[in-house]
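Could you slot chain B onto chain A? The hints should help.
Respectively, the protein sequence lines represent chains A and B. In terms of my numbering, the first sequence is residues 1 to 102. In terms of my numbering, the second sequence is residues 103 to 527.
Everything labelled a hint here was simulated from the structure, so no lab data went into it. It is possible that part of the hints are untrue.
[As the list claims (entries may be wrong)] Straight-line distance between alpha carbons at most 27 Å, and here's what the computed DSSO-like set of lysine-lysine pairs gives:
no. : chain 1 : residue 1 : chain 2 : residue 2
1   : A       : 75        : B       : 262
2   : B       : 124       : B       : 104
3   : A       : 75        : B       : 333
4   : A       : 87        : A       : 97
5   : B       : 303       : A       : 87
6   : A       : 68        : B       : 262
7   : B       : 511       : B       : 301
8   : B       : 314       : B       : 303
9   : A       : 68        : A       : 97
10  : B       : 262       : B       : 333
11  : B       : 303       : A       : 97
12  : A       : 97        : A       : 75
13  : A       : 87        : B       : 301
14  : B       : 511       : A       : 97
15  : B       : 138       : B       : 104
16  : B       : 314       : B       : 511
17  : A       : 87        : A       : 68
18  : B       : 511       : B       : 262
19  : B       : 262       : B       : 315
20  : B       : 303       : B       : 262
21  : B       : 262       : B       : 138
22  : A       : 87        : A       : 75
23  : B       : 314       : B       : 262
24  : B       : 262       : A       : 97
25  : B       : 333       : B       : 315
26  : B       : 303       : B       : 511
27  : B       : 301       : A       : 97
28  : B       : 303       : B       : 315
29  : B       : 301       : B       : 262
30  : A       : 87        : B       : 262
[Stated by the list, open to error] Here are a few chain A residues that face chain B, going by a calculated C-beta distance under 10 Å:
no. : residue
31  : 67
32  : 78
33  : 99
Cβ atoms here follow ideal geometry from the backbone N, Cα and C, with glycine treated the same way.
Take a look at the letters that make up each chain.
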Amino acid sequence: METMFDLSTLAVNDDGYLLNADDWSPEVAHAIAAEHGIALTDPHFAVLQYLRDRVAEGTPLTIRRIGKSGLVSIKEFYGLFPGGPLKVSSRIAGIPKPASCV
Amino acid sequence: MKTLLILGAGTAGTMMANRLRKALPRDAWAIRIVDKTDTHLYQPGLLFVPFGMTEPESLRRPTRDLLPDDIDLLVGEVAEVTPEAHEVRLADGRTLGYDVLVVATGTTPRPEETPGLDGELWYRDAFDFYSYDGAVALRDRLATWEGGRMVIFLAESIFKCPVAPLEFAFLADAFFEERGIRDRVEITYVTPLSGAFTKPKAAAFLGDLMGKKGITVVPDFYAERVDEDRKVLVSYDDQEVPFDLLVAVPINMGADFVDASDMGDVDDLNYVPTDRHTLQSRDHPDVFVIGDATNVPASKAGSVAHFESEILVENILHHIAGEPLAASFDGHANCFIETGHGKAALIDFNYDTEPLPGRFPMPVVGPMSLLRESRLNHLGKLAFEWIYWHVLLTGRPLPVSTALSMAGKHVGEDETVDDAVAEPA
Numbered sequence: 001m002e003t004m005f006d007l008s009t010l011a012v013n014d015d016g017y018l019l020n021a022d023d024w025s026p027e028v029a030h031a032i033a034a035e036h037g038i039a040l041t042d043p044h045f046a047v048l049q050y051l052r053d054r055v056a057e058g059t060p061l062t063i064r065r066i067g068k069s070g071l072v073s074i075k076e077f078y079g080l081f082p083g084g085p086l087k088v089s090s091r092i093a094g095i096p097k098p099a100s101c102v
Numbered sequence: 103m104k105t106l107l108i109l110g111a112g113t114a115g116t117m118m119a120n121r122l123r124k125a126l127p128r129d130a131w132a133i134r135i136v137d138k139t140d141t142h143l144y145q146p147g148l149l150f151v152p153f154g155m156t157e158p159e160s161l162r163r164p165t166r167d168l169l170p171d172d173i174d175l176l177v178g179e180v181a182e183v184t185p186e187a188h189e190v191r192l193a194d195g196r197t198l199g200y201d202v203l204v205v206a207t208g209t210t211p212r213p214e215e216t217p218g219l220d221g222e223l224w225y226r227d228a229f230d231f232y233s234y235d236g237a238v239a240l241r242d243r244l245a246t247w248e249g250g251r252m253v254i255f256l257a258e259s260i261f262k263c264p265v266a267p268l269e270f271a272f273l274a275d276a277f278f279e280e281r282g283i284r285d286r287v288e289i290t291y292v293t294p295l296s297g298a299f300t301k302p303k304a305a306a307f308l309g310d311l312m313g314k315k316g317i318t319v320v321p322d323f324y325a326e327r328v329d330e331d332r333k334v335l336v337s338y339d340d341q342e343v344p345f346d347l348l349v350a351v352p353i354n355m356g357a358d359f360v361d362a363s364d365m366g367d368v369d370d371l372n373y374v375p376t377d378r379h380t381l382q383s384r385d386h387p388d389v390f391v392i393g394d395a396t397n398v399p400a401s402k403a404g405s406v407a408h409f410e411s412e413i414l415v416e417n418i419l420h421h422i423a424g425e426p427l428a429a430s431f432d433g434h435a436n437c438f439i440e441t442g443h444g445k446a447a448l449i450d451f452n453y454d455t456e457p458l459p460g461r462f463p464m465p466v467v468g469p470m471s472l473l474r475e476s477r478l479n480h481l482g483k484l485a486f487e488w489i490y491w492h493v494l495l496t497g498r499p500l501p502v503s504t505a506l507s508m509a510g511k512h513v514g515e516d517e518t519v520d521d522a523v524a525e526p527a
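Bound-form chain B, shown alone:
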């Protein structure tokens, strides 16, 4: 009996477990999955928690319920991987062998990496919303906040769900407007990037939307520290942005075992060097990497993990059969962007093709608008929660192609999108 071991039971790891269980013969392959908790969190839902738009408890489910019975689920922290010995050591001392390893340990916010962020202001006037506790603490703070300077701040350019801080800004604008205090709130968006987004057409669309909503963008701001006493963000080149309420996207880092096992990239963000097309570890042939844990130049997002999982199952089967890794990931990402007031935009892109305007074909509900706000997109985002639990994680097919499709996209320079779909009012 051989063992396929998956590290991490988040979006990527759970999808892989379910897909591989269908693909690998039960009499030849055991599948085992390790996670540091026994609870699965629907991370896309955290965005709505601070605004009271969703109940945080509803976002969690027991991991066990998401896996077939014959997959062995172990709860424990991975301490070290020794690829040469095909062995994984957990923090509690257990050691696990494997024939094929799938690293799906994701990335987490590390507020302690920015001096002054994780100090006395943390969860008082400075918050993150990418963690359950942070999203709930921010909700409680916003419920009684009477206005002032809200600063949304990106500590690093590589972080998970790159559109979430933009969505947060748009939803905050709508939230304060609906509470009748928008005129008492200044919203500032501070980013180390050169704008709200970097890919040109999406940057233009989103930058324009920021302007319309009265959100000030401070680009090229690389934060060195938070001055706790003065409540000021300070950059490496001594620019300053004062705040009353700070909503941070802290530096994101992959799992600590990546560094402890000397499997990380040359920067110290603990991402595993991974072939961008085959998803095989660049250093260890029996190790494959998926989702936020890789260093591939794609967005760190659930949709990317989903498209990767289809490629990776194929390549693991090729690898086991001793065949060339024929399946190739194209960097495909597909993200809804909540824009407030019950609307959302949709972007679809890959390594080579930037987000373009046009229509995104979708069976049953009809085409969705790309790079344009619509109600249907918002409904799509809401519907996705059900799809996540019942279709995506279980490895059932979704009606979206793995490789990016150009169908419906406008590639011309000055195409307008005035022919976009009629929407339900």
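Isolated chain A (complex conformation):
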């Protein structure tokens, strides 16, 4: 197995989310995913790219929106990122923790 990216070199917030979106790379994603016990595959990366694109546009993310992305159903999203799928996938995607407007 390849050596994982050393995450301790990156600036993160208290919840472990990257502070600088530019620090993100697929290698970083693999390393964060490993902390969640997830081995990333192509379907994971398709979702991660979708999340990054939406955040770059400045649009708020919801689980429902991912389900309407055409990439995965909500059930499949939960399957790819067990637990809190939006929180977990956002962390792996190197984007801020999803906050609602409240």
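Below, chain B without anything else, positioned relative to chain A:
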């Protein structure tokens, strides 16, 4: 003669009509407003209906009485907007032209979007309180309910008045306590968010209050369906929460014409893509959007619509004059949170500044406490009903600044609020 057309005569649309009538010359601009009903509902009052704290009839007034005589009010359902043709078609076939369009059609609960919610349990053991009928039906059910598992459940993370379900939980706790059956009621708060609230300081304050009141919070629960036979909420990852009485905040969606006109966002919640600062439609320069109908990342709340209306009137005048849209909305929201037993908290925040503790300056009555329970806040919430009808909707100025002010707010990490105002007992 040019026409400014407003879709929706709720809080945002009525405020815009009144403000624009003062701002636009009568000999050059006609103002027309369309709503699906002829009755205006004071939505913040619905929260109190289930607990018998307010008479539902008192919350409704004829829309006509809230508008100047020379504003044309049409009752009808908007079927489609064609921005390229500057035309709006109503469901009854009428077509209306416009030079400038203001979309203020809000958002509504859609219980039918969650399988099993809108079925045989609906208005028997499952209710919403964001609709007049739902609030009244829930009041009648609570009047004779003898206890059990009450589950308050948020179907989606974007919905109007985000503090209302928290207030409902606090008021329910007080209601059952006052009826002497609190020990026979389990209150559970089920949310797709990571806690009772997401912005850190308010989340800590409100989470703490939930604990003190014995309300269990189930976070990160995204409901897939209601199992009607077993009376269980089921999430997408197969968690289950059983209930005897379900109080739902159903999925909220903007008006159907938004989808029919292909004006919606990429998710299918029918919110119109809107510039978060200018409030102009991102796709159509002669279309402006206000209140719950937008997709801007601010709370869907009356206070937000109020602050937006001040910005939007300015920007519509700039637009008509061919000037840059100079006025900029900062996401300002200001909400009372009823906490039960005659007390309330107050939060004040915007796109960039989370709700902070401290004091909120208020002329005449004196400063109100932020992120802290007080009686004065509760009185403020009650007084707001009069202000709503007589000051807010009519477009008269309120003594609250449009942009968020940091005056009185504590920004330090470990500031306490023990210097908060003395309150009337």
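Subject >> Non-conforming hints, listed in increasing numerical order >> reply: Hints that this structure does not satisfy do not exist here, as all of them hold.
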